[in-house]
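*Asks:* Order-wise, the sequence lines are chains A and B. When the letters of the first sequence are read in order and numbered with the working numbering, they come out as residues 85 to 370. When the letters of the second sequence are read in order and numbered with the working numbering, they come out as residues 85 to 370.
Bear in mind the hints are in silico, worked out from the structure with no lab data behind them. Treat the hints with care, since some could be wrong.
Note that the list lumps identical chains together, so a pair holds whenever it fits in one copy or between two copies.
For lysine to aspartate or glutamate, the following EDC-like pairs were computed, each having C-alpha atoms within a straight-line distance of at most 16 angstroms [what the hints assert, rightly or not]: (1) K258 <-> E305; (2) K180 <-> E158; (3) K290 <-> D327; (4) K302 <-> E323; (5) K178 <-> E150; (6) K180 <-> E266; (7) K208 <-> E158; (8) K362 <-> E330; (9) K265 <-> D119; (10) K100 <-> D119; (11) K322 <-> E305; (12) K345 <-> E112; (13) K123 <-> E363.
Number of protein chains: 2
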Amino acid sequence: MDGKSFDVGIIGGDGKMGSFLKKAFEKEHTVYVSDKESKLSNVDLVKKCNVIIVSVPIRETVSVIEEISPHLTEDHLLLDVCSLKEKPCRAMAKTKAHVVGMHPMFAPSCGSMENQTVVLCPLKETPRLSCMKGFFESAHARVVVTTPENHDKMMGIIQCLTHFISIVYVLTMKNLDVEIKELVDYASPVYLIELLMSGRILAQDKSLYTDIQMQNPKSPEVLKAFSEATLFLETLVKEGNVDGFEKTFEELSNYLGPLKKTASEVSSELVKVVNNKKETILKSAK
Amino acid sequence: MDGKSFDVGIIGGDGKMGSFLKKAFEKEHTVYVSDKESKLSNVDLVKKCNVIIVSVPIRETVSVIEEISPHLTEDHLLLDVCSLKEKPCRAMAKTKAHVVGMHPMFAPSCGSMENQTVVLCPLKETPRLSCMKGFFESAHARVVVTTPENHDKMMGIIQCLTHFISIVYVLTMKNLDVEIKELVDYASPVYLIELLMSGRILAQDKSLYTDIQMQNPKSPEVLKAFSEATLFLETLVKEGNVDGFEKTFEELSNYLGPLKKTASEVSSELVKVVNNKKETILKSAK
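Here chain A stands alone, though its shape is the one from the complex:
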């Protein structure tokens, strides 16, 4: 199959990521799909295609892999799209197939893979990795190759921590009994951007975001570090410890290093976008 056109079977191909991948692979390959309403079953797909992509909700991934496992051969390349890699990769490694765990680091709503990152976790040293890498790179995506363990460690921060903060942010406002409408009236651009990023997450599928928190083995450790850091800074403020707060601020500023300059510049571009949409944001905050 390397370098040539091949038959791709997407399990869960009617879902958002499934449809996105279908469109992407269809440009060069033949794509078949199975889903709740499809004529083809998951096992039909495995018998028909030499590349199988499991694109189902996190909590269903392992059981779908187990369902198709007996039908996979050494001629198959098996991939998943799960936001977590340790558990699905462990399940996929038990099959006879070549295995490349995959995590597209973007929402399908982005429309294109250009500039987006795709993480690949090859198992059993498969030569099929270069084929997949080539496919994504030709769509101008950035491919990062790592182990399932390291992937999940990074996602403990990039996903668990980042989403968690957005959710706690909105929970705090709700618990303080403040109306978003009033807050938006006084908002700074920085506040509006944080609010929009939280809204982006809370507009999506609750089970996806719950699974990301619950199923990542690194999540408890990262959230513990977060609540300890919260308590540390809260105490500095409560005690009016100006020197301590300024010292921490400076240390963190140094930790970010040259990124700060880029952050100032790029965030000013983000501020411009939000300012241009201010009327729309104000109107939709009720």
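With chain A fixed as given, assemble chain B onto it according to the hints.
*Replies:* Only chain B this time, still in chain A's reference frame:
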């Protein structure tokens, strides 16, 4: 002075916000400045000008107001630019001048006031408010009029909470001993935006951000609500309480209401900006 050109004196006029306001007022009025290096003293300025703007760091605002207080008359209009309003307004209210507490809700680096919000807190029911309101509105800023107390309550969330979260976010990553460089390699657009917004804050003046936390009377209450919300959600994750987490997610989603749709749309614009700058961001993360 109403409706006509007047002499504006900016105390701290060489600072970032001072220079920004100087440029804005100079278009229609004569502006004089006092600062550490200026020929004119603060008191000279009060004697020369009928509009006085105190544009100095938060922790110096009240003492500067007290310094000029004996020289202010009922012909003066006195304003400040402090991010907090209760304390400076209380000090300004003791003078003979007309008083309008002011808070420009943007960084001077924005370059223009267009679409930006300016909060005004008139005291002693001054007729001079309409003059100031007109000035900012003619520069296409949005003017919100409220009391100093309500202003500080809103800032407890818009500033204290929002900045606090950005700082805790970076502190957590640092405490977990992860290199930003590696994280950025795997980053999703949502993570990059959060990181850039934190970097934007940590690139700025530590004393400004420390004062915002320490001097707002509402800050301890808001941070307490935040650490309680953190603990609540952390416990749900630790206990693997899927139903509880999903229920909270759904409640918060409802709390945001129609804003979520706008959030999804506008945040997609933000994602585009970040994707276009991805190479620059990657290079500057060391």
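*Asks:* Next step is simple, just say for each hint if it's right about the structure.
*Replies:* The hints, checked one at a time:
1. K258 <-> E305: Result: close only across copies, 14 angstroms inter versus 26 angstroms intra.
2. K180 <-> E158: Close inside one copy (5 angstroms), not across copies (88 angstroms); limit 16 angstroms.
3. K290 <-> D327: between (41 angstroms within a copy, 10 angstroms between copies)
4. K302 <-> E323: between (32 angstroms within a copy, 14 angstroms between copies)
5. K178 <-> E150: within (9 angstroms within a copy, 76 angstroms between copies)
6. K180 <-> E266: Intra 59 angstroms, inter 33 angstroms, cutoff 16 angstroms: neither.
7. K208 <-> E158: within (11 angstroms within a copy, 83 angstroms between copies)
8. K362 <-> E330: Neither: 33 angstroms inside a copy, 30 angstroms across copies.
9. K265 <-> D119: This pair counts as neither: shortest intra-copy Cα distance 41 angstroms, inter-copy 39 angstroms.
10. K100 <-> D119: within (12 angstroms within a copy, 58 angstroms between copies)
11. K322 <-> E305: Between copies only: 10 angstroms across chains, 26 angstroms inside a chain, cut-off 16 angstroms.
12. K345 <-> E112: neither (41 angstroms within a copy, 34 angstroms between copies)
13. K123 <-> E363: neither (47 angstroms within a copy, 44 angstroms between copies)
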